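K.L.:
Spelled out from the first residue to the last, the chains are:
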Amino acid sequence: MHEFSAATQMVELVLAEAQRRNAKKVLEVKVVVGKLSFLNPEQLRFAYEILSEGTMLESSKLRIEEQDGAIECLKCGYRGGLPTEDNPYYHLGIPFLRCPKCKGEARIIKGRDFTVKSIRIEV
Amino acid sequence: MRQALKVEAMVEIVKAGEGEILDVELDVNLQRRNLELAESNRRLLESFGVKAVDFMGSVGSGKTCLIGRLVETLKPEYRIGVIGGDLTTTIDMDFLSCLGVPVVQVNTGRECHLDANLVAKALEKFNLKELDLLFIENVGNIICPADFPLGAHRRVAVVSVVDSPYTIVKHPLTFQTVDVAVLNKLDLAEAVGADVGRLEADIQKINPRLKIVKASCKTGLGIEKLREALNL
Numbered sequence: 009m010h011e012f013s014a015a016t017q018m019v020e021l022v023l024a025e026a027q028r029r030n031a032k033k034v035l036e037v038k039v040v041v042g043k044l045s046f047l048n049p050e051q052l053r054f055a056y057e058i059l060s061e062g063t064m065l066e067s068s069k070l071r072i073e074e075q076d077g078a079i080e081c082l083k084c085g086y087r088g089g090l091p092t093e094d095n096p097y098y099h100l101g102i103p104f105l106r107c108p109k110c111k112g113e114a115r116i117i118k119g120r121d122f123t124v125k126s127i128r129i130e131v
Numbered sequence: 319m320r321q322a323l324k325v326e327a328m329v330e331i332v333k334a335g336e337g338e339i340l341d342v343e344l345d346v347n348l349q350r351r352n353l354e355l356a357e358s359n360r361r362l363l364e365s366f367g368v369k370a371v372d373f374m375g376s377v378g379s380g381k382t383c384l385i386g387r388l389v390e391t392l393k394p395e396y397r398i399g400v401i402g403g404d405l406t407t408t409i410d411m412d413f414l415s416c417l418g419v420p421v422v423q424v425n426t427g428r429e430c431h432l433d434a435n436l437v438a439k440a441l442e443k444f445n446l447k448e449l450d451l452l453f454i455e456n457v458g459n460i461i462c463p464a465d466f467p468l469g470a471h472r473r474v475a476v477v478s479v480v481d482s483p484y485t486i487v488k489h490p491l492t493f494q495t496v497d498v499a500v501l502n503k504l505d506l507a508e509a510v511g512a513d514v515g516r517l518e519a520d521i522q523k524i525n526p527r528l529k530i531v532k533a534s535c536k537t538g539l540g541i542e543k544l545r546e547a548l549n550l
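If you read the protein sequences in the order shown, they are chains A and B. Taking my numbering, the leading residue of the first sequence gets 9, the next gets one more, and so forth. Taking my numbering, the leading residue of the second sequence gets 319, the next gets one more, and so forth.
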């Protein structure tokens, strides 16, 4: 839902950096989207294309890397992936904050970020 | 003047060649910007000894009434302020201002959530010296607010039992970013055939650390329990 504002932030950041470096064109933008954020890569791409029109970013390639989520168990210290319920009822697995090893309570340590990693520019 | 020319000449030498391709590492976490602002909101609130609670939930889940009930209960002990997020109207904050507490309306226009920057601006409108407790009512939305911490000390998700029986399993990530879940409008559970036990089980499965409060603004059920869950 807020992909458009997230894409706006991203495009503004990239344009400012490209202008600062006197770029003629931005060829590629690499971003990382955490799977535990509410950003949908397809919608992000759609917003990016619209926002890129008529700018240095037009027809540039947006590479989206999706980052898996990770949790830390508050009981046994396990750090790793989240257990999910594989129920055919739900298209995507439902992640749980419960340790897959000791069933203790856990907290999220990775997978909520949205990061602009790098850009490729033509100067 | 001569010095300036010299610098310009140097810049000319280190400039990249025409048509050259450059890879530039940025590594800018866009979520981090909101998080930093949220942390600064929290520091500001704490410097005045103000505790803040953020409420999120779908349109019609009963956030405003719940805050109203809490205000009535806590007003004798706390000096309370309320920030209300809404796309276009002041209806909810007009209602809460009738309870005699300072309110600030934030109209987001098109945006589907409050962010830390909007809250920072709203905080400027309060005399924080005269507050102990701040309630923040987010835009009616059970999805996007989860991605935008505001600097509150506690986050609450409000779900009405008359909503879809799948509200919780459909939005697991929301229930993993809050501290308390309120199952609201419990007085209507029987009338709509809601399986409250199942909703509780769904929450426990998704986030076992969550405190669950069953409430009804109509009967006053659960308001004391919510107060305890918020350590107030």
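What the hints contain is simulated information worked out from the structure, not anything from laboratory work. Hints are supplied without guarantee of correctness; some may be wrong.
Stated by the list, open to error - Some but not every residue of chain B turned toward chain A, in silico, with C-beta under 8 Å:
# : residue
1 : L348
2 : K529
3 : I530
To be verified - A few chain B residues that don't get close to chain A, going by computed Cβ distances all over 10 Å:
# : residue
4 : F366
5 : E448
6 : T485
Said to hold, decoys possible - Each computed DSS-like pair below joins lysine-lysine, with the alpha-carbon atoms no more than 27 Å apart:
#  : chain 1 : residue 1 : chain 2 : residue 2
7  : A       : K111      : B       : K447
8  : B       : K369      : B       : K529
9  : B       : K523      : A       : K118
10 : B       : K488      : A       : K109
Note that the structure is a prediction, hence the values are computed from the model and not measured. Every residue gets a Cβ at the ideal spot worked out from N, C-alpha and C, and that includes glycine.
K.L.:
Each hint should be assessed against the structure and marked as holding or not.
P.N.:
So, going through the hints one by one against the coordinates:
For L348 of chain B, the interface hint holds, the least distance from its beta-carbon to any beta-carbon of chain A being 5 Å, beneath 8 Å. At about 12 Å, the closest approach between the beta carbon of K529 of chain B and any beta carbon in chain A exceeds 8 Å, and the interface hint on this residue is violated. For I530 of chain B, the suggested interface contact is broken, since its CB lies about 14 Å from the closest CB of chain A, more than 8 Å. In this structure F366 of chain B is separated from chain A by more than 10 Å, as the shortest Cβ-Cβ distance comes to about 28 Å.
With a closest Cβ-Cβ approach of about 33 Å to chain A, E448 of chain B is found to remain outside the 10 Å limit, as its non-interface label requires. Non-interface status of T485 of chain B relative to chain A is upheld: no Cβ of that chain comes within 10 Å, the nearest being about 13 Å off. With a CA separation close to 44 Å, the supplied pair K111 of chain A and K447 of chain B exceeds the 27 Å bound. Of the supplied pair hints, the one linking K369 of chain B and K529 of chain B holds, its CA atoms being roughly 18 Å apart against a limit of 27 Å.
Of the supplied pair hints, the one linking K523 of chain B and K118 of chain A holds, its CA atoms being roughly 20 Å apart against a limit of 27 Å. Proximity of K488 of chain B to K109 of chain A is assessed by CA-CA distance (about 25 Å); at most 27 Å being required, the pair is judged to hold.
Going down the numbered hints, you'll see the structure goes against 2, 3 and 7, while the others check out.
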